[in-house]
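Asks: The hints should help you fit chain Y onto chain Z, whose structure is shown.
Protein chains: 2
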Amino acid sequence: MKVSRRTLLAGAAGVVALGKTAAGQAPQAPPDPSKVRGRPSKALGQRAPSEKPQRLPRSANSSGTPHHDLYGTITPADLHFERHHAGVPEIDSRTYSLLIHGMVERPIVFTLADLKRFPAVSRVCFLECSGNLGRTAPPETTPQQLAGLTSQSEWTGVALTTLFREVGVRPQATWFLAEGQDAALLARSIPVEKAHDDALIAYGQNGEAIRPEQGYPARLLLPGWEGNANVKWIRRIELSDRPFMTREETSKYTDPLANGTARIFSFVMDARSLITYPAYPVTLGRGWVEINGIAWSGYGKIRRVDVSTDDGKTWTPARLQEPVLSKAHTRFRHLWNWTGGEAVIMSRAVDETGYVQPTRAELIAARGVGSVGYHLNPITGWLIRADGTVVYRQEAWG
Amino acid sequence: MKVSRRTLLAGAAGVVALGKTAAGQAPQAPPDPSKVRGRPSKALGQRAPSEKPQRLPRSANSSGTPHHDLYGTITPADLHFERHHAGVPEIDSRTYSLLIHGMVERPIVFTLADLKRFPAVSRVCFLECSGNLGRTAPPETTPQQLAGLTSQSEWTGVALTTLFREVGVRPQATWFLAEGQDAALLARSIPVEKAHDDALIAYGQNGEAIRPEQGYPARLLLPGWEGNANVKWIRRIELSDRPFMTREETSKYTDPLANGTARIFSFVMDARSLITYPAYPVTLGRGWVEINGIAWSGYGKIRRVDVSTDDGKTWTPARLQEPVLSKAHTRFRHLWNWTGGEAVIMSRAVDETGYVQPTRAELIAARGVGSVGYHLNPITGWLIRADGTVVYRQEAWG
Numbered sequence: 001m002k003v004s005r006r007t008l009l010a011g012a013a014g015v016v017a018l019g020k021t022a023a024g025q026a027p028q029a030p031p032d033p034s035k036v037r038g039r040p041s042k043a044l045g046q047r048a049p050s051e052k053p054q055r056l057p058r059s060a061n062s063s064g065t066p067h068h069d070l071y072g073t074i075t076p077a078d079l080h081f082e083r084h085h086a087g088v089p090e091i092d093s094r095t096y097s098l099l100i101h102g103m104v105e106r107p108i109v110f111t112l113a114d115l116k117r118f119p120a121v122s123r124v125c126f127l128e129c130s131g132n133l134g135r136t137a138p139p140e141t142t143p144q145q146l147a148g149l150t151s152q153s154e155w156t157g158v159a160l161t162t163l164f165r166e167v168g169v170r171p172q173a174t175w176f177l178a179e180g181q182d183a184a185l186l187a188r189s190i191p192v193e194k195a196h197d198d199a200l201i202a203y204g205q206n207g208e209a210i211r212p213e214q215g216y217p218a219r220l221l222l223p224g225w226e227g228n229a230n231v232k233w234i235r236r237i238e239l240s241d242r243p244f245m246t247r248e249e250t251s252k253y254t255d256p257l258a259n260g261t262a263r264i265f266s267f268v269m270d271a272r273s274l275i276t277y278p279a280y281p282v283t284l285g286r287g288w289v290e291i292n293g294i295a296w297s298g299y300g301k302i303r304r305v306d307v308s309t310d311d312g313k314t315w316t317p318a319r320l321q322e323p324v325l326s327k328a329h330t331r332f333r334h335l336w337n338w339t340g341g342e343a344v345i346m347s348r349a350v351d352e353t354g355y356v357q358p359t360r361a362e363l364i365a366a367r368g369v370g371s372v373g374y375h376l377n378p379i380t381g382w383l384i385r386a387d388g389t390v391v392y393r394q395e396a397w398g
Numbered sequence: 001m002k003v004s005r006r007t008l009l010a011g012a013a014g015v016v017a018l019g020k021t022a023a024g025q026a027p028q029a030p031p032d033p034s035k036v037r038g039r040p041s042k043a044l045g046q047r048a049p050s051e052k053p054q055r056l057p058r059s060a061n062s063s064g065t066p067h068h069d070l071y072g073t074i075t076p077a078d079l080h081f082e083r084h085h086a087g088v089p090e091i092d093s094r095t096y097s098l099l100i101h102g103m104v105e106r107p108i109v110f111t112l113a114d115l116k117r118f119p120a121v122s123r124v125c126f127l128e129c130s131g132n133l134g135r136t137a138p139p140e141t142t143p144q145q146l147a148g149l150t151s152q153s154e155w156t157g158v159a160l161t162t163l164f165r166e167v168g169v170r171p172q173a174t175w176f177l178a179e180g181q182d183a184a185l186l187a188r189s190i191p192v193e194k195a196h197d198d199a200l201i202a203y204g205q206n207g208e209a210i211r212p213e214q215g216y217p218a219r220l221l222l223p224g225w226e227g228n229a230n231v232k233w234i235r236r237i238e239l240s241d242r243p244f245m246t247r248e249e250t251s252k253y254t255d256p257l258a259n260g261t262a263r264i265f266s267f268v269m270d271a272r273s274l275i276t277y278p279a280y281p282v283t284l285g286r287g288w289v290e291i292n293g294i295a296w297s298g299y300g301k302i303r304r305v306d307v308s309t310d311d312g313k314t315w316t317p318a319r320l321q322e323p324v325l326s327k328a329h330t331r332f333r334h335l336w337n338w339t340g341g342e343a344v345i346m347s348r349a350v351d352e353t354g355y356v357q358p359t360r361a362e363l364i365a366a367r368g369v370g371s372v373g374y375h376l377n378p379i380t381g382w383l384i385r386a387d388g389t390v391v392y393r394q395e396a397w398g
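One line per chain: the protein sequences are Z and Y, in this order. Quick note on numbering: this note's numbering labels position 77 of the first sequence as 77, and the sequence is numbered without any gaps. Quick note on numbering: this note's numbering labels position 344 of the second sequence as 344, and the sequence is numbered without any gaps.
Only chain Z is shown next, with the shape it has when bound in the complex:
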């Protein structure tokens, strides 16, 4: 059957015309599936054999989400990024417990069953590793390689403030230590006020029990705060009147500044955005294409995402997929007619505080070109070559 491919914009609503129309004869329905009976029902579903999204292990301690394979905003649990400092421990949920002690009236050991009897809270939010950007990347960089260490789930658990009321946190306690039950005993100091804001001890992820790599059977969840502070496999919380100055907040997770000093306890992940389509390794055909991606901010809701298709000279607000949730990946979409020729496409997030995602130059001006790469959220772009191949748009760091 001869077909023609049309590419046009029909009407103000921005409809893209595609598909095969008949040339001389009527279009045909797909082959009749005949009378071949399909597979019977099963206790657990599986992906279609040709669909093979995978995390990308960067090391034994890290693997990233394949954002270029994903739609919408939820990250399937088996594709949620991993980052651990001593591997994923195997913890028996029947013997798991969490001790809360220190500056409290009544130190208490909670079993998992105890945690589940308290009033529960569910919320959708992103979780992002503070080291979610390689500062140098080759043209052959995918969205997964560029920013795979952010993922999103619907989390369920008990509000930490509920547990703090239960143990009777003393008024002078202003910080707590969160310690994980992994071989690294990863530990961070967290201000008590975050517990009263929105912290959870989470045991549910995307409707089911939390997965081992995300902290089974329970983890600390600090919406909007850097991943490592959301201590997984949480075993102990100790209240105090000062931070504990752990290894992870002295040797790591501090941010060098341009003036030679460094900032510490920089918990909140700033606004960022990522175009997930089109991106390497896509080859683009001419015509209308919906540029889309995700934007997020640890400070609250995304207010706007601007898209540029001319290397940052002009910007147009993208459509945001409702509902826009606080501290959550928000899908943005922007219809664009690629007429051929080289182009650089970029996105820029603006959050509800008015914060605008910085350019790389602005970030370097503030933070210098130091050796540590945490909390980097520059605007990034994709270069569309005249032949339609799409590559990461490289920029020098300093």
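Please note that the accuracy of each hint is not assured.
Note that identical chains are pooled: a pair holds if it fits in a single copy or bridges any two copies.
As the list claims (entries may be wrong) - Straight line, CA to CA, 27 Å or less: simulated BS3-like cross-link-like pairs of lysine-lysine:
{"no.": "1", "residue 1": "LYS42", "residue 2": "LYS252"}
{"no.": "2", "residue 1": "LYS252", "residue 2": "LYS313"}
{"no.": "3", "residue 1": "LYS313", "residue 2": "LYS301"}
{"no.": "4", "residue 1": "LYS313", "residue 2": "LYS42"}
{"no.": "5", "residue 1": "LYS116", "residue 2": "LYS52"}
{"no.": "6", "residue 1": "LYS42", "residue 2": "LYS52"}
{"no.": "7", "residue 1": "LYS52", "residue 2": "LYS313"}
{"no.": "8", "residue 1": "LYS313", "residue 2": "LYS35"}
None of these hints come from the bench; they were simulated from the model. Computed from a prediction, not measured in an experiment: that's the story for all the values here.
Replies: Just chain Y now, kept in the frame of chain Z:
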């Protein structure tokens, strides 16, 4: 270590006191995980070995979601209910196509790549089989057995109205046939106005490609409408000025009424609710427990869910988990102090139209006791026996 278990209500916020407090000695942290390195990162995550949620195959053509194992509102894709009439077909996404023809200006065959180039829409909604209630059930009935044929996903696809504009649907076309590429060639007649409202051709489910049992690579999605009308593996859409009166809308999916007639094309799923905890086979301990479950309506948002703990004599509004989305499972929670003794707990959904989920008696008065069991949404209850065992509260049908 001797421990005592306390159960009390602390303060107006309804905090439940649980956990093990020290009796004579300080509570201990869980065992030091020592220096046993954990498992390295992996391309795909897996559940913890002890977590085994499963769908319950009722037949070769049906399996239900284990609601009693789930939290929040998202159903993991491999636990989404299945219902098919001739098994799950294997469709090659590279050769898949969808024909739209009939009363249109330009019949068009769309490939999957074509569908993905159009502007996309994502939305969270439930999908429910119209036969999601056995009218008789033994005391040993789980939430999965009682109402496992409803599930929720974040769906992504192209608005059907976009495709209809593309093919140029003629003004006199008021219905369309949706036909699936399974061996049953399942087909339903759908009013065109639903396409202009919120229908999608969906190819994404919970962030990834739609799963085979849910219609891979593409399905019709009619938010709020009975499952079987959401034709999976969709291969053909034919526009017409009248319904097609297919097998599935004459021999099936019609509702007998008490007056001896029947209603047809009863697409919208009425409001319903389901307590998922506590329920069979839980054995409840005395003290504070958070009764929780899901409520949903095909007509829009859930406005309120009432919970009764005295067999329907009195009702109290439950807390609804935000955000409450239209045509979506909404988690409700109600804190209750079970002091022992027999009790029947129930939930009752009210949607934004003001519709109140009916009692079984009200439903029988309207619909009679005919042999067909579609669109049944009565209030159901769980009986808590004095020994804490929980069973389905049986009621006769007629």
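Asks: Could you run down the list of hints and mark each one as holding or not?
Replies: Here is how each hint holds up against the structure:
1. LYS42 <-> LYS252: between (47 Å within a copy, 24 Å between copies)
2. LYS252 <-> LYS313: Cα proximity of LYS252 and LYS313: none, with 37 Å in one copy and 60 Å across.
3. LYS313 <-> LYS301: Within one copy only: 26 Å inside, 43 Å across.
4. LYS313 <-> LYS42: Neither way: LYS313 and LYS42 sit 53 Å apart in one copy and 41 Å across, limit 27 Å.
5. LYS116 <-> LYS52: between (35 Å within a copy, 18 Å between copies)
6. LYS42 <-> LYS52: both (20 Å within a copy, 14 Å between copies)
7. LYS52 <-> LYS313: Cα proximity of LYS52 and LYS313: none, with 38 Å in one copy and 53 Å across.
8. LYS313 <-> LYS35: neither (58 Å within a copy, 54 Å between copies)
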